[in-house]
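One-letter residues, chain by chain:
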Amino acid sequence: MTVQAQRQDIVSKKGFSLQLPERHLPITLLLPSIIFIALVVGLPMLYSLYLSFTDYTLTSGSNFHFVGLENYKHLLFDDPMFWKVFGRTILFITLAVNLEFLLGLGIAQLMARAIRGQSLARTLMMMPMMFAPILVGLQFKWFFNAQVGLVNNILYTITGTAHLIPWLIEKNLGFISILVAEIWMSTPFMVIILEAGILSLPQEPFEAADIDGASGWQKFQLLTLPMLMPFVYTAMAIRSLDIARAYDVVSIMTGGGPANRTELIWTYVNRLAFTGQQFAMGSAMSYITVIFSFIFTYMLFQNVLKSRWAGEMGEL
Amino acid sequence: MNTTNETSSLKKRFRRNRWKYIFSDVLLWFILLLFFIPALWIILTSIRIRSEINAFPPVWIPTGFSFDSFKILFGMPTPEGAFGLGGEIPVISYARNSVIVALVSTTFALIFGTLAGYVFSRFRFKGKNGLYLGLMLARAIPGIALSLPLFIVFARIRLSDTILGLVVTYSALNIPFTAWLMDGFFRAIPKELDEAARIDGCSLWGAFIHVSLPLALPGVAAAGIFAFLTSWNEFALAGIITRTPASRTFPPALFEFTGQFVSDWRGMTAMSVLMLIPAVIFVALVQRQLLEGLTSGATKG
Amino acid sequence: MSTKKSISRRDFLKLTGMAVLGSAAACTPAATEAPPAPAEPTTAPAVPEPTQAPAVIGKPFDGKTVRMHAITGGNYDELYKLIPKWEEQTGAKVEFVFKGNGFETDKRLVQDFAAGTVDYDVAWDHSSFFSQYVKADGLEPLDNYFSPEDLSDFIPRLVDAARRDDKLWVIPRHFDISCTHYRTDLGLSKAPETWDEFKAAALDITKNNPGIFGTQFAGKEEALSGRFYEVQTAEGGQLFDDKWEPTFNSPAGVKAATMFAELYAAGAMPPDMTNFLWEDVANQFVNGVIGVYTEWFGWYSYFQDPAASKVAGKFDIARQPMGDGGVHSGWAGHHGFSITKAAKEKEAAADLIKFLTSVEGNEMEAKLGILVSRQSVWDKLIKEAETSTDPLAKKRLELALLQAQEDFKTPPLIAEWLPMSNILYPVLQEIILGDVEPQKGLDDAATQVREMMSKAGYY
Numbered sequence: 010m011t012v013q014a015q016r017q018d019i020v021s022k023k024g025f026s027l028q029l030p031e032r033h034l035p036i037t038l039l040l041p042s043i044i045f046i047a048l049v050v051g052l053p054m055l056y057s058l059y060l061s062f063t064d065y066t067l068t069s070g071s072n073f074h075f076v077g078l079e080n081y082k083h084l085l086f087d088d089p090m091f092w093k094v095f096g097r098t099i100l101f102i103t104l105a106v107n108l109e110f111l112l113g114l115g116i117a118q119l120m121a122r123a124i125r126g127q128s129l130a131r132t133l134m135m136m137p138m139m140f141a142p143i144l145v146g147l148q149f150k151w152f153f154n155a156q157v158g159l160v161n162n163i164l165y166t167i168t169g170t171a172h173l174i175p176w177l178i179e180k181n182l183g184f185i186s187i188l189v190a191e192i193w194m195s196t197p198f199m200v201i202i203l204e205a206g207i208l209s210l211p212q213e214p215f216e217a218a219d220i221d222g223a224s225g226w227q228k229f230q231l232l233t234l235p236m237l238m239p240f241v242y243t244a245m246a247i248r249s250l251d252i253a254r255a256y257d258v259v260s261i262m263t264g265g266g267p268a269n270r271t272e273l274i275w276t277y278v279n280r281l282a283f284t285g286q287q288f289a290m291g292s293a294m295s296y297i298t299v300i301f302s303f304i305f306t307y308m309l310f311q312n313v314l315k316s317r318w319a320g321e322m323g324e325l
Numbered sequence: 007m008n009t010t011n012e013t014s015s016l017k018k019r020f021r022r023n024r025w026k027y028i029f030s031d032v033l034l035w036f037i038l039l040l041f042f043i044p045a046l047w048i049i050l051t052s053i054r055i056r057s058e059i060n061a062f063p064p065v066w067i068p069t070g071f072s073f074d075s076f077k078i079l080f081g082m083p084t085p086e087g088a089f090g091l092g093g094e095i096p097v098i099s100y101a102r103n104s105v106i107v108a109l110v111s112t113t114f115a116l117i118f119g120t121l122a123g124y125v126f127s128r129f130r131f132k133g134k135n136g137l138y139l140g141l142m143l144a145r146a147i148p149g150i151a152l153s154l155p156l157f158i159v160f161a162r163i164r165l166s167d168t169i170l171g172l173v174v175t176y177s178a179l180n181i182p183f184t185a186w187l188m189d190g191f192f193r194a195i196p197k198e199l200d201e202a203a204r205i206d207g208c209s210l211w212g213a214f215i216h217v218s219l220p221l222a223l224p225g226v227a228a229a230g231i232f233a234f235l236t237s238w239n240e241f242a243l244a245g246i247i248t249r250t251p252a253s254r255t256f257p258p259a260l261f262e263f264t265g266q267f268v269s270d271w272r273g274m275t276a277m278s279v280l281m282l283i284p285a286v287i288f289v290a291l292v293q294r295q296l297l298e299g300l301t302s303g304a305t306k307g
Numbered sequence: 032m033s034t035k036k037s038i039s040r041r042d043f044l045k046l047t048g049m050a051v052l053g054s055a056a057a058c059t060p061a062a063t064e065a066p067p068a069p070a071e072p073t074t075a076p077a078v079p080e081p082t083q084a085p086a087v088i089g090k091p092f093d094g095k096t097v098r099m100h101a102i103t104g105g106n107y108d109e110l111y112k113l114i115p116k117w118e119e120q121t122g123a124k125v126e127f128v129f130k131g132n133g134f135e136t137d138k139r140l141v142q143d144f145a146a147g148t149v150d151y152d153v154a155w156d157h158s159s160f161f162s163q164y165v166k167a168d169g170l171e172p173l174d175n176y177f178s179p180e181d182l183s184d185f186i187p188r189l190v191d192a193a194r195r196d197d198k199l200w201v202i203p204r205h206f207d208i209s210c211t212h213y214r215t216d217l218g219l220s221k222a223p224e225t226w227d228e229f230k231a232a233a234l235d236i237t238k239n240n241p242g243i244f245g246t247q248f249a250g251k252e253e254a255l256s257g258r259f260y261e262v263q264t265a266e267g268g269q270l271f272d273d274k275w276e277p278t279f280n281s282p283a284g285v286k287a288a289t290m291f292a293e294l295y296a297a298g299a300m301p302p303d304m305t306n307f308l309w310e311d312v313a314n315q316f317v318n319g320v321i322g323v324y325t326e327w328f329g330w331y332s333y334f335q336d337p338a339a340s341k342v343a344g345k346f347d348i349a350r351q352p353m354g355d356g357g358v359h360s361g362w363a364g365h366h367g368f369s370i371t372k373a374a375k376e377k378e379a380a381a382d383l384i385k386f387l388t389s390v391e392g393n394e395m396e397a398k399l400g401i402l403v404s405r406q407s408v409w410d411k412l413i414k415e416a417e418t419s420t421d422p423l424a425k426k427r428l429e430l431a432l433l434q435a436q437e438d439f440k441t442p443p444l445i446a447e448w449l450p451m452s453n454i455l456y457p458v459l460q461e462i463i464l465g466d467v468e469p470q471k472g473l474d475d476a477a478t479q480v481r482e483m484m485s486k487a488g489y490y
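Protein sequences, first through last, are from chains A, B and C.
Residues in the first sequence are numbered from 10 upward in steps of one, following the working numbering.
Residues in the second sequence are numbered from 7 upward in steps of one, following the working numbering.
Residues in the third sequence are numbered from 32 upward in steps of one, following the working numbering.
Treat the hints with care, as some may be off.
Each computed SDA-like pair below joins lysine to any residue, with the alpha-carbon atoms no more than 25 Å apart [stated by the list, open to error]:
hint, chain 1, residue 1, chain 2, residue 2
1, B, K134, A, K228
2, A, K180, C, K124
3, B, K77, C, Q470
4, B, K134, A, F215
5, A, K228, B, S30
6, C, K138, A, K228
7, C, K112, B, P96
8, B, K26, A, F215
9, C, K124, C, D93
10, C, K138, A, N312
11, B, K26, A, I207
12, A, K180, C, G298
13, B, K26, A, A218
Treat the hints as calculated values from the structure; they're not laboratory data.
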């Protein structure tokens, strides 16, 4: 038997069990993580869930009552604002993640092909990620200021007439403004992951394709993209989870206003629960959001697993 | 650094499509500049003369520089005394807290997250998928929903306004992402390598340390960067859990500069620059590791 | 295979060791904050305290610690420089548990009262906010600690605004109220006396001075609700009737809202005003692009500072306009101190508050241009201002005092004011932006407010 076959033999017979009791090892290693998360996330969420079934407000003290599904019913059926905000948030996330992906892919391609200064480019690219989101919010709020903002000023310099465009006020402009800030802040994340992916792709298929006379676009479509898919899904999934960072930015830039024009789920929860003091209702809304996040995450993870299997099957 | 294979193929392509490469380089740097401008503006504002900051029409080319904002932050005497918001900002406390919290929570997240990722990638056991999903879902919860209940829980167990409380929180926040990333990286490492090592006499642990982990180091570097930045810049939870300079970190301190009546831009940007420096250093240090790991892994000998 | 870097067992242990040390460091209690820096020795003669501090041989509160949850930033900190003197007199120590801006401080207090984590004796308080704290049962009634003589020197309207349920909850430290600020170089001959005149003036200024906006208002959050409140009150309206039914959608309310909407539609207000808060409106004025608007007195020194302001010396002030209701607008609030119910050192806390709001404390704050709460200090200030080089100095003080005595109005002293404002201001923004007709918008808001009040148990 060859050494290779010998090894296969041992593996198939014994699996992974060698010295340590295999059964307990995974749980032991996972235990610290589970404890951390149970304490920081689990406990508070349970408490929050309990509160969402009551009429607790921030000034209730101990004077609140159980109301069952009342809050949920109100939000889902009696509050048109909730659905509007919800829809707007979905739109925001979808646009943000997809645009960040496209932009990130393009930039990653450029960076991977750069002749020199790759690490400088990488460091520069990561700068937006290094800023605290609230600072990004403050900065962009200033940029988009109708009177003294950088954007309007540049327009003034180019076109010669002062256009006092109220970026943060107009119906669609407000949305675009926060989208721009969010994309600026998070595209670097995509770039990093995708560039890592591109750099880790094996060279042989590309050289083979070159020999076969494939064009740049064909190479991209048929080789790069499919092989990158696991990275892409991973990045997108994580981005979608992390998108709540946008809350800091939006709450500073527009506070969800004016007139709720840029209200997203998180700013709405904050206003309701803290400023409006209706904490139980806010909790209920958070839970509805969480449920949708769960569903979305679950679906996305299915995709990640599926593409992983595909990658492993087509052993490159 | 590229290996000989890649360099030679790059050179080949370079000779063929010279202009295409120059064009793509220029485009890249232009885009990088666009991304960098806001950052530049922030840094510039922190060293500007006071009257030019909110000036209208804006001053493009500063007429002079002034490091007063930094001096005020550190309590050094300046001509105008303090910021509009008063002096005596405990910058040293904020810095100490931020550094400890970020480093310690990143370390915890890396250790436990990597272990978790390894477990998910290599083992099969009951409830694995459930746990995996559970870990990820924990990350899906928005900070806002978490803040007040967390505050109440922490207050009860006396973790409120402590560095430990923040460390625990951020570790929990960063573990899922680390686990996920490392799971991916470990899966990319063929299991045969593990087994080969163990057959050669290594224990399970030894195989992990000497074989799997080194190969997955780029993943550790990437996860480390993200964990550190998350902890360093996190605002919502820090704002709730910390109250005094005993445990307050930079992000909520930054927000304090946006007073009810006056926002002090100088103070804010000066503090932001202070916040940037360690972040840049950390990223630069770890990034080299990331790069080396990536390119050596790319050849997959 | 090329050589790979591997982590040896030693390195791994080192890393773990670091982590353990790090967390151990994190566990050790952080050094307590150093006490506030001692004030420079004052040269002013000590003012006799109008309190009943006994002339005992030992110090009255020797060894006790009073913990304080305070507002900070801008001018607020000046007063705290007096604290070492009190510590010296009483033998007690003051410890600042928290310092933050107004909204942060309020948020903390609400959370603490809700979670039961109050560990301080003296808390900052404000006329707009204290009702929530009372409802959450977090404050101690002050009637037992402050006699009518103690309170006699304070401006009556201020003290009244700190009472509810027949108890006193806050001792006022200083207040702020708005007056009309108008440019003297843009063709406006005199200050508008009614809101109708105000509107006409704003439209005129905009027409005759390209690049300048006639007026502006802070356009979001409680700021907008407050401005609306004071205008509709001047026009004869009320937010609630005596059964707590919302009535701001009355003709007076509609008239007020319409004025806002029409000013915006005519371009007489900056287009992004709905994103403005207090700092933004002040900056707009200081940059010279606003003709007339209502602003807090507290900004005065900033406006008159030639280094920072383009309108220094170019503006005048006047009493706020009145409306159809024959009443002048006068939205105001006062900052003060309260004692928490969970306080451990209530006597010492009361004494500290008395000290901070004493004549000496007031005079210290007055030097910075703050509008203080004691009548006697006002009399003194106005007298001194007669010899000032600033032509507006005396007028300003007299105007502020007059408004405090006659126009001072707070929003309803109920815990639901802020949640109500939360419902109201987005609607007001919609009205301003032209998304909805004033009557309809206010009707909608009234329905929502009614629902909220109903849930809170008012009907």
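Structure-based check of each hint:
1. Between the alpha carbons of K134/B and K228/A the distance comes to roughly 38 Å, so the proposed pair goes past 25 Å and is violated.
2. This hinted pair does not check out: K180/A and K124/C have alpha carbons roughly 54 Å apart, beyond 25 Å.
3. The suggested pairing of K77/B with Q470/C is violated, with an alpha-carbon distance near 54 Å, which exceeds 25 Å.
4. With a CA separation close to 37 Å, the supplied pair K134/B and F215/A exceeds the 25 Å bound.
5. Between K228/A and S30/B the alpha-carbon distance is near 17 Å, which keeps this suggested pair within the 25 Å criterion.
6. Distance restraint check for K138/C and K228/A: the Cα-Cα separation of roughly 57 Å exceeds the 25 Å cut-off, and the hinted pair is therefore not satisfied.
7. Restraint check for K112/C and P96/B: satisfied, since their Cα atoms lie roughly 18 Å apart, inside the 25 Å limit.
8. This hinted pair checks out: K26/B and F215/A have alpha carbons roughly 18 Å apart, not beyond 25 Å.
9. With a C-alpha separation of about 8 Å, the suggested pair K124/C and D93/C falls inside the 25 Å cut-off, and the hint holds.
10. Distance restraint check for K138/C and N312/A: the Cα-Cα separation of roughly 42 Å exceeds the 25 Å cut-off, and the hinted pair is therefore not satisfied.
11. With a C-alpha separation of about 19 Å, the suggested pairing of K26/B with I207/A holds against the 25 Å cut-off.
12. Under the criterion of a C-alpha separation no larger than 25 Å, the hint pairing K180/A with G298/C is consistent with the structure, at around 18 Å.
13. For the given pair, K26/B sits about 19 Å from A218/A by alpha-carbon distance, which is consistent with the 25 Å threshold.
Violation of the numbered hints given earlier is confined to hints 1, 2, 3, 4, 6 and 10; the remaining hints are satisfied by the structure.
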